[in-house]
Structures are given as C-alpha cells and as structure tokens.
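Working from the sequences, and respecting the hints, build out all of it.
Protein chains in written order, with the working numbering: chain P, 1 to 390; chain E, 1 to 167; chain H, 1 to 173.
One thing to keep in mind: the hints can contain errors.
Just a few of them, taken from the derived set where beta-carbon distance is under 10 Å, the chain P residues facing chain H [what the hints assert, rightly or not]: (1) G30; (2) I40; (3) L85; (4) K93; (5) A232; (6) V323; (7) E333; (8) N344; (9) K345.
The set of hints was computed from the structure by calculation and includes no laboratory data.
Keep in mind it's a predicted model, so treat the numbers as computed, not measured.
All residues carry an ideal CB built from backbone N, CA and C; glycine is no exception.
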Amino acid sequence: MPEERTVTLNMGPQHPATHGVLRVVLELEGETVVKARPVIGYLHTGIEKTMESKLYYKALPATDRMDYLAPMSNNLGYCLAVEKLMDIEVPEKVQWARACLAELTRVNSHLVWLGTHALDLGAMSMLLYTFRERELILDVYEACGGQRMMTSYIRIGGLAHDLPKDFDKKVRKIVKVVRERLHDYEALLTDNEIFINRTKGVAVISAEEAINYSLSGPMLRGSGVKHDMRKANPYSGYENFDFEIPVGKNGDAYDRYLLRLEEIRQSLRIAEQALDGMPEGPYRAHVPGVVLPPKEDVLYKMESLIFHFKIITEGFEAPFGAVYQAIEGPKGELGFYISSDGSNKPHRVRVRPPAFVNLAALPLLVEGSLFSDVICAIGSIDIVLGEVDR
Amino acid sequence: MGLEEKIPDSIILTSLDKVVNWAHKRSMWPLGFGLACCAIEMMSTFASHFDLARYGMEVMRPSPRQADLMIVSGRVSMKMAPVIKTLYEQMPNPKWVIAMGACASCGGVFNNYAILQGVDRIIPVDIYVPGCPPRPEQLMDGILKLQEKIDKESVKDRHEEWGRKAV
Amino acid sequence: MPMEEKVRSFLKSSFGDAIIREDNFREQQSFYIKPDALAPICEELLHDGELDVRFLSDITALDWLGHEEENNGRFEVIYNLYSLSHRYRFFLKVHLPANNPEIASLTHLWQGANWLEREVYDMMGIRFEGHPDLTKILTPDELEGYPLRKDFPLTYEVPQFSWNKDQPPEVIK
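Structure (structure tokens):
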C-alpha cells in the first residue's frame, strides 16, 4: 500500500526570483504547498553591533546599506531619531528638501519593485523600462551627494551639501516623465489577462490577520486598513503637504500592485508641492558642538574649524535615555530605537525592519496555494534582504 | 609571402589559442547571482542604459551548470560562504570569478564577526572591482580587463592544469 | 482626557502594583513593569476596546553590562505598542537578571511576536517561555554565543599594510 508523503523542495539561496539570498523550504503535495518555512540570515552583517562601536556621525553610512533600494529613507529615519535624542530643531528648508528626497526615494523603490515583480511573473521588458526611469532619479542623487546609491546625503542636523542649482529643473523633469510613463506601465499590466490570472486572489491576507502579524506599509493598506505614518504621526514637515493614501479592498497581490502604482503618483504630487513651496534658508541647523558647521565656514572662521575638529574626532555626548522614531519607508514602518548611555557612542541602535516583519507572514500567504504563487507572494511582499538580515 | 596571395579571401589563418580565447571572451554567460547592494548596480549594468549585452553577456543563466562567469556582487556572510563554495564547484571549467565591490574584495565597510573578509579566502578570484557600489562603467571596465586577461591564456596551460587535477 | 492619562489610569487601576516606575523622556511614555505581569497586562490591553492597542510594533532588548543601570537587572526587554485609532505609541519595559533571563512569550496574543522574539533570543540570549519554535534565525548555526551582548567582541581584523604583510592577519577580539 503506497503511503502518502510530501516532497520537500528547497528554494535555495541562489534563485533567480528570490530577490537576494532568501531560502524557502517548501513541502509540496503535487503542486500544492502544504508548509512553507523561510530561512533567512544569509546576509547577516552585524550592522547594529557595528554602529555601537562608532560615533553617531560615523554610524550614519552603515544605515545606507540596510535597505539599499531606498537609501535616503534609512538616512532620514536615523537622523530624525538622533535629532530627537539631542533635541535639535532643523530649519524649514531642510524639512522640505528631506520630504522631497524621501518621496523620490519611494518612487525609486517602487520602480525597482515593479520591474522585478513583473520579471518574476514573466513580463521581462518591465525591468528594462523601470530601470531606465530609475537612472533619472539616480542622476539627481549623484548631483546632490556625489554617489548613485549609498548617498548618506541626509546628515544629523541638515543635509551634507546645499541642494544643487539645477535640482528644481531635474526633479520637475522626473515628475513629468514618470507620470507619462506610468500610463505605459498600466497599459502593459493592469488589464493584461495573464497578469490578472497570476495575481488576483493570490497571497490574500485579511485586515485582522494583517494587524495581528504587525504588517505595515502596502501589505497593511492593501487589506483595507488606512494607516500611514506620514498622516498618523507626521515628521519632517509632512503636515504641509496635501496627498491621499490609497487603500486596497481584497488584500491580494493585484490590489497591492494597484496600490503601489497609486503611491508613486501621490509621491510625485508631494515632490511637486515640495518644489513649489521650498523656502530659502540655511541647509544645516546651528547647534555648536553637535552639528558640523558648513564647510564654507570651516575654511574661513576659527571657531568653526575648532568645532569641526572636535566633533569629528570626539563626537558629542548624548543625554541618557532612549528614543524611537518611526517613518513611513517604502516597505512599511521603518523605526529606529536609539538608546544612549550618556557617552559619545550609541549604546544600542535597533532598526525595526519592515521587510523582516512582513516576511514572517509568508507561510500564512502561501499555504494551501499552488507552487507558482509562492514566487508571486514573495514579490508582492516587496522584501529587501539587506533589511531583513541587517 | 607568396602563399597568402594565392589563398582566396574566405580563408582565415590564425592560431588555435586566439580562436579559443576569442570565443571565450566574447560569449561569456554570467551566473545570475546577486547578494546585496552591488547586485542592484549589476542589474543596472545589464539593463538598457548601460547595456552589457553588447559584450556578449546577454544570457544570464540561473543554473551554475550552464554558466561560466560568477560575479560575486555583495557582502559574503559566514552563513553564505559554504553555499558560494558549492556553487563555484558546480560550475564547469573554464570559469572565471569577478569580485565586485569592496565587500567581496576585502570585507569592505564591515570588519566584524559576520562578514567574510574577502571572497578570495574561499574561491580564486580573477578581477577585483573596487567601489561601494562600483558604478556600471567601473564594472564594465573590470569585464574588459577580464577579457584582456583571457587573451593571454593558452590552451596548452589549461589542459595541463586540468590534466593534473583529474589525476 | 489625553491618551497619556488614559493609558496611565488604565494601567494603574488594574495593575497598580506591577508598575515600578513611569518615564517620559522626549514625550515618549514608558512603563517599567515586573516580568510576571507582562502577559496579563498585554492581554488586557489587547481586549480593551477603548484604548485599542492592537498593534505590536517591535520587541527589542538592551544589555546594560558595565553601566549603573545594571543594578536593576542586566537585560532590558522593550515592547513597543501602538494604538491604530488613537495614533498613540507607548512602551512597556522589563528588567531581567543576568543569569538565565526568561520571560513569557506573547505569540498567543500577537502572531507578529514570533520572529521578533526569535531574533531577541538569537542576538541576546533571552528565552521566551511558550514560544513554538525558539531557534536561531539570523546567525549561522556554528556561531556560539549571543552577538549583541556587550561581552561578545566585534572581532575585527587589522588590515595588512606593507609593513606587516608577512605576518598572518591579526584578529582583534
């Protein structure tokens, strides 16, 4: 009498569709998934422990390398947390510039998500289109900070350098071009029968389950819960902008796709408003002893030179206590919990990774469905292994 | 000499080394293997703005049995090191390795308990491309240098080396 | 009544003796509570309709080795709770002793606590009773010890220059 067994299949760390080094151990019965267990840790870098051994300023570039598709979001979260700890108030121009760059980062991350998600499901040309748009945004990053990806442009107390002179022109061009091209992407995918068959009704999660699993970002909003950190606890001047929060209905992969496209449109709207109303002013706060003075002052004034030297070599002493600052990153609620013991190095930097918490819901999304839905579910959660493993 | 005037235009004279090296360098198939941030710059290099297909690397094979170039793009953690060694051993000869980025070359920004300080501790590397992450043009420069390196190889050395290993 | 008052009165009325002290650094309300009171408090908060604390944002842990805070307990586990309808965030903090730190798991209330507690166990060595699968999640299986503790070294290697290139790489523990 043949006994029934399940086949154990290993979707290994090296796979064309796992967006990095994620391993999923699946137990299959025919084509149906009985059990799915994600195994992570193949990119564990010890970033949190590295940041404990460096001064507050020097720990900033390590935050870029976590969610490497949205580097300015990570910088923004860390800088806002340190500014909260040190009780620094940044000038208005810095707040508006940071909001504009954070929205461009959201567009950047969603474009990469769209390209790779469509590539997994078979539409290979989407990758080439979205990476072409992404080059325009990387151009702006390079003009601002000199680096294409790991910018470290948003610093404690302000920005690294002043905004470049053609920032306005470049960002307006991006807004115009991406808005037009979104029509092309929609024409390719939204009413496409193959895409609808592969994403509608796949990887469904209900609102109560989403809240219980602590999901955030498009995963939570796709199930109907209208929660966005930019509206709930506004930071960095977001209360000045007028935008909407798209919400899905069914909680499946198709709704999350439409939701992210709409988020790109709202981000472009915010970027345009930020450009229209950008105030004039300094690009760094003036807090002697804590915030680095601007480089022009360092070259000509003696006190600025002394402060610059002291801050770079010894850093500043933070008060004893702990703060938590959450921002709405492209993947969800990105939070930084910085605990200080009174010295010039952070005692503990905890990064609340949205992709890590969202990935924990993968077994719930795929158990009971077909094997090819696993690929769609992983793409729809939008994970970045740098953030999951840190 | 006089012989070349008598040969029609449709015959080319060359050496075996040159033909084999030309075939190797102009149609390498990279293994689809991206670890971390450098993988995104590698994807940008393969996309349409900085097109890598013009150097013959159009086809990106996911299976190591069908690939001959492994671009280690990203930081190699201690948990991933045995996996990379297995993948390298699964690739058939001739194979080349490019260590892309600072983390693959020497450990990069991260000097701690969790990151292997350079992938050349476990597999032999041909070209190191520095940068964090290297620009697409830098990666293309590295690939062109690899092509120059392949030009200097010879069929005789390779067969001796493989012959020794097989015994 | 502002949310701060509501939370304080709720906790004091039901669990007055479990609260050690309350802290309000940079307008963030946090309560230091006794370890055995954690699970009952969280269950009450989850089922209370008025406060609507249904979202567990984060579970993390600190190691106070070498600091004067160690007198309260070497480890500190922090629960980050959020109320969706009131948009209010507050923290519950628990001090645990140095040897054999253990605390009740919250996986029966929030499924999101599963992986968060696994990470705290892997990096700090704090055991959670009642967790369905308390195993390593981020570090390799061969790594012994708990990386984020203060007595675990960063283990960095001294780079090789021309003047020390003949020596093997020096690993500073």
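Evaluated hints:
1. G30: violated, 26 Å
2. I40: Since the shortest Cβ distance to chain H is 7 Å, the answer is holds.
3. L85: At about 7 Å, which falls below the 10 Å cut-off, the nearest Cβ of chain H leaves the hint on L85 of chain P intact, so it holds.
4. K93: Violated - the Cβ of K93 of chain P stays beyond 10 Å from chain H, reaching only about 24 Å at its closest.
5. A232: holds, 4 Å
6. V323: holds, 5 Å
7. E333: Hint holds; E333 of chain P Cβ to chain H Cβ min 7 Å, cut 10 Å.
8. N344: violated, 15 Å
9. K345: The hint is violated - K345 of chain P has no Cβ within 10 Å of chain H, the shortest such distance being about 12 Å.
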